[in-house]
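K.L.:
The chain contents come next:
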Amino acid sequence: MKKYEILEHRADLKIRVFGKTKEELFLNAVLAIKDGLRPKIQSTKSKIRNIKTESSNLETLLVDFLSEVLYLIQVNKEVYNKVRFKKFSDTEIKAELSGQKIERFGEDIKAATYHNLDVHQEKNGKWQATILFDI
Amino acid sequence: MKKEDFKKITPWLWEIPKSFQPDMRVPARIYASEKMLEESFKDKSLEQLINVATLPGIQKYALAMPDIHEGYASPIGGVAAIRVSDGIISPGMQGYDCNCGMKLLKSEYSEKEILPHLKSLATEIQKEVPSGLGRGRQIKLNIEQINKILEGGAQRLVQQGYGEKEDVENCEAEGRLEWADASAVSSHAKNRGRDQVGTLGSGNHFLEIQKVGEIFNEKVAEAFGLFKNQIVVMIHCGSRGLGHQVCTDYLREFIPLMEGKYKIPVPDREFACVPFNSPEGQRALAASASAANYAWANRQMIAHFVRKAWKSVLGEKSSPLIALYDVAHNIIKKEKYNIEGKETEVAVHRKGATRAFPPGHPEIPIRYRESGQPVILPGSMGTASYIMVGTREGEETFYSTAHGAGRAMSRHAALRQTQGKQVIEGLKKIGIIVKCRSLKGIAEEAPLAYKNIDDVVEVVHQSGLSKKVAKLIPLAVIKGE
Chain G
1 MKKYEILEHR ADLKIRVFGK TKEELFLNAV LAIKDGLRPK IQSTKSKIRN IKTESSNLET
61 LLVDFLSEVL YLIQVNKEVY NKVRFKKFSD TEIKAELSGQ KIERFGEDIK AATYHNLDVH
121 QEKNGKWQAT ILFDI
Chain Y
136 MKKEDFKKIT PWLWEIPKSF QPDMRVPARI YASEKMLEES FKDKSLEQLI NVATLPGIQK
196 YALAMPDIHE GYASPIGGVA AIRVSDGIIS PGMQGYDCNC GMKLLKSEYS EKEILPHLKS
256 LATEIQKEVP SGLGRGRQIK LNIEQINKIL EGGAQRLVQQ GYGEKEDVEN CEAEGRLEWA
316 DASAVSSHAK NRGRDQVGTL GSGNHFLEIQ KVGEIFNEKV AEAFGLFKNQ IVVMIHCGSR
376 GLGHQVCTDY LREFIPLMEG KYKIPVPDRE FACVPFNSPE GQRALAASAS AANYAWANRQ
436 MIAHFVRKAW KSVLGEKSSP LIALYDVAHN IIKKEKYNIE GKETEVAVHR KGATRAFPPG
496 HPEIPIRYRE SGQPVILPGS MGTASYIMVG TREGEETFYS TAHGAGRAMS RHAALRQTQG
556 KQVIEGLKKI GIIVKCRSLK GIAEEAPLAY KNIDDVVEVV HQSGLSKKVA KLIPLAVIKG
616 E
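So the sequences go chain by chain: G and Y. Just so you know, the numbering used here puts 97 at position 97 of the first sequence, and the rest follows in order with no gaps. Just so you know, the numbering used here puts 166 at position 31 of the second sequence, and the rest follows in order with no gaps.
Just so you know, these hints were derived from the structure itself, not from any lab. Source: prediction; values computed, not measured. Just so you know, even glycine gets a beta-carbon here, dropped at the ideal spot from N, CA and C. Any given hint could be a false lead.
Only pairs whose alpha carbons sit at most 30 Å apart, straight line, appear in this in silico DSSO-like list of lysine-lysine [unchecked claim]:
#	chain 1	residue 1	chain 2	residue 2
1	Y	556	G	34
2	G	40	Y	556
3	G	40	Y	254
4	Y	300	Y	354
5	G	34	Y	575
6	Y	570	G	14
Examples of chain G residues lying across from chain Y (beta carbon under 8 Å, computed) [what the hints assert, rightly or not]:
#	residue
7	8
8	11
9	35
10	100
11	105
12	108
13	110
What follows is a set of in silico ranges between Cβ atoms, one per label pair, in the way DEER data are often shown [unchecked claim]:
#	chain 1	residue 1	chain 2	residue 2	range
14	Y	294	G	85	42 to 50 Å
15	Y	583	G	103	29 to 37 Å
16	G	21	Y	583	39 to 47 Å
17	G	121	Y	597	48 to 56 Å
Construct the complete structure from the given sequences, taking the supplied hints into account.
P.N.:
And the structure:
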């Protein structure tokens, strides 16, 4: 199954993310960010970060979670390719991210936005989200 | 919505009446030629403009500049003046990059004198001013130092020796909004800002070495210290990760407040507004001002490093780079206007619009008091930029004018139509040096992806929002290591 696809947008980065479960949907959004940044990895040594996000519903939880991931990416100069969810509800996430230190980013992703945000479950049970990032 | 819904006021100004939609509080106006208006229907920018007209407290009109394109909540190129006594403040109506703006440095050299050094200058400037995507600045400020910048802006850096007295004088708000309060900015935002003072960022942010190609108004050009073939340096950037985090933080906090506590009905939740005079609104204003101060400090630090590069190539005794002006195009400002015969304080939200104060305005430096405020309008990469001047007619738009060319094509579409190498070759053919690490970035910012700056400038000139003073031609484009 495709993890995500990039959609047409005039100025920013718009993506559609897929997942068999909500957890996989959130993970694939993290992977889309990682690819979008076009990072040059500095070392393969694993870096672990803990994250905790609360929000009022699943939609805003996704954006708030990704905002927190972007914050960790920017201040630590790291990218993340694994997420271990310790707690996952529609309003709260506790997770452990792991990834690597980077030498440089090829692109900047500055913010996850609520603009035309959509998170929904398809008839076949799979999850899908559309998110716009400010770059 | 269709073209027939617009009333033609002049060939450069179109209006949608308040009656168009029941929730509109004021009419919506767009400054554009007929052709540009027609092109604006290609995206959602005009619907977004109508949404701006519904904001509580909005005065006179929801305004769109000719470089309008679709944004979040408000279109880019949107202006809303909101009465502070009963209106809202909207972080979404300012944009993520708080105080994204322009600074122009003038040299005393002519093109002929600089051409032999152009390549070394471009190389040295690129080395001195990083994009911030790689190693960044090697200095990491502590939180205490960041707090001082948030409250002191460019003034703080000039006090520390990173600039001249004129840098502060020739800057909107003298490089510091006094209502800033560092305690309104989250530690997340401060952390993102620690190693980014003096970095350019990516995307459409750039540095250019340019020459004055044409003078339209001799008298004003003289007052601005501009002459034909003069070499100038243009800086376009903003508040980097710090400003984005401030916007992210307040959108996150305000959307539930707007829908819950304050029950403000707006058509797009990304306006994320609360009453201006609420405690939350005042904190957002202080945070926005802090991020604006950070951006002025960032451009000041960049100017410092450009000057360092300048001296290292041209020698210690080379004539200095003097700031013409520094002006924001994403900002929320408290300003006073005469509305229906009454002096009214408004929070002017400019999102992709430049402030352009007229001659005689008390908030511009004495040296420009007679001519009006310099306005810096950047073109897209490799095309012309303009210096304009504020006018009295500009009062109609709360002294706001355009901010640049405005995107006309997605990054994707630009990548499909052109390649970085091809763009660089094309620019080389017309004598422009490009210093950029990312070929993809070059293709995404190719001139074909933007509206024609000459068309945008013509509309603001003809409608009188600001007047043409000089046209600047790029010689070297620098995008940062």
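K.L.:
It remains to establish, for every hint, whether it holds in the given structure.
P.N.:
Going down the list of hints, with the structure as the test:
Taken as a hint, the residue 556 (chain Y) and residue 34 (chain G) pair is honoured in the structure, with Cα atoms around 25 Å apart against an allowance of 30 Å. In summary, the hint linking residue 40 (chain G) to residue 556 (chain Y) is supported, as the alpha carbons are separated by about 21 Å, within the 30 Å threshold. Note on residue 40 (chain G) and residue 254 (chain Y): the hinted pairing holds, with a Cα-Cα distance of about 28 Å set against a maximum of 30 Å. In summary, the hint linking residue 300 (chain Y) to residue 354 (chain Y) is supported, as the alpha carbons are separated by about 25 Å, within the 30 Å threshold.
At roughly 17 Å between alpha-carbon atoms, residue 34 (chain G) and residue 575 (chain Y) fall within 30 Å of each other, so this suggested pair holds. Among the hinted pairs, residue 570 (chain Y) with residue 14 (chain G) is consistent with the structure: their alpha-carbon atoms are about 28 Å apart, no more than 30 Å. With a least beta-carbon distance of about 6 Å to chain Y, the hint placing residue 8 (chain G) at the interface is held under the 8 Å criterion. Look at residue 11 (chain G): its Cβ gets to within about 5 Å of chain Y, closer than 8 Å, so that hint holds up.
Taking 8 Å as the C-beta cut-off, the interface hint given for residue 35 (chain G) is violated, the closest approach to chain Y being about 13 Å. Residue-level restraint check for residue 100 (chain G) is violated (minimum Cβ-Cβ distance to chain Y is 16 Å; threshold 8 Å). Restraint check, residue 105 (chain G) versus chain Y: the minimum CB separation of about 4 Å is within 8 Å; hint holds. Nearest Cβ of chain Y to the Cβ of residue 108 (chain G): about 4 Å, under the 8 Å cut. The hint holds.
Using the Cβ-Cβ criterion of 8 Å, the hint placing residue 110 (chain G) at the interface with chain Y is satisfied: the shortest such distance is roughly 4 Å. Take residue 294 (chain Y) and residue 85 (chain G): their Cβ atoms lie about 49 Å apart, and the range 42 to 50 Å holds. The hint said 29 to 37 Å for the Cβ distance between residue 583 (chain Y) and residue 103 (chain G), and at roughly 32 Å that hint holds. At roughly 42 Å, the beta carbons of residue 21 (chain G) and residue 583 (chain Y) sit within the given window of 39 to 47 Å.
Distance hint check for residue 121 (chain G) and residue 597 (chain Y): the Cβ-Cβ separation is about 53 Å, which falls inside the suggested range of 48 to 56 Å.
Hint check: violations occur at hints 9 and 10; the rest are consistent with the structure.
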